[in-house]
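Residue numbers (our numbering): 1 to 290.
Hints were generated in silico from the structure; no laboratory data involved.
Pair by pair, the computed Cβ-Cβ distance ranges are:
1) E21 x P143: 33 to 43 angstroms
2) R160 x P127: 36 to 46 angstroms
3) P127 x P152: 33 to 43 angstroms
4) R100 x G40: 17 to 27 angstroms
5) R96 x C24: 15 to 25 angstroms
6) R160 x D90: 18 to 28 angstroms
Backbone N, C-alpha and C fix where the C-beta goes; we use that ideal spot for every residue, glycine too.
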Amino acid sequence: MDTSAIASIPEYVVDQPREEESLCIAVNGTSISYKKSGSGPPLVFYHGWIGDEDTFGLCHKAFARHYTVYRPAWPGYGASGPLTQFSIEDLVDLGRRFIRELGHERVSLFGNCLGGNTAMEFARLHPEMIERLVLIEVYDFLPWYLHLILVPGLNAFLYRLLLRSMTGFHFLNSFLPLQVEGGINGMRYTEEGFRRTPVRTAIAFMTAIYRFAKRRRDFYHAHYHSEIPTIYVEGGRSFGPVKAFREVVEGYFTNLRIVSIPESLHNPVMERPDLFIERVLPLVVPPPMR
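Start from the sequences and build out the full structure, keeping to the hints where you can.
Now the structure itself:
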């Protein structure tokens, strides 16, 4: 494993925007919205709990110089159709069908936050479909304070109280590294994400992660093993679940590289896209295109 810092490489910085298309595809009866840009081998980005098609929006142009970049929204997020309930395995299967429907056999798969947990399970179940894996600030477990929004009958009320009100948001910010004022881009993406994401969808995703972790965490710790070339990207202010994942990730992947972006908090693709591009893109550019 190589944890060395990556120096700035100006030629990987994008000067001209790439054409971007907003598209929709039916996958197993569910309408999946996605954005597509660039040309080259396929790269698929999985967003996290409060993301959508635009979570990777500040980075896609740089990667689109070398890849065809696909940014799907999970069911109920962005412009995708809803699912009333789903498991992480359901999302993996949906992701597999999405890739097949686009005509691809293998992809580079990026996963951010809880989208990274889904990407990991995808890689475990379908390693033959993954060229490379990039995981960004992944959880090892669901923290106790988020269990509150799983309480039947109270979950929607507690979600609105804790995550959609500024009082609750600032309280939660004492536990989680949630960006309030925005990074170099000036966006209040976390606050906007909680307000934008439908309550039912956010609860369904969190419930799926909770149930998956309850079933699979011990199995992962004991048996998860992958030889897929993998990059793990860590931010600068880790909290419980992310710290725990950082402690075990080296045991999961035999071909692992750690990239640190301490200048960000929890979501470097939104907070410091410039540094994410600078430090990650040189590591994933396909060799013939360097």
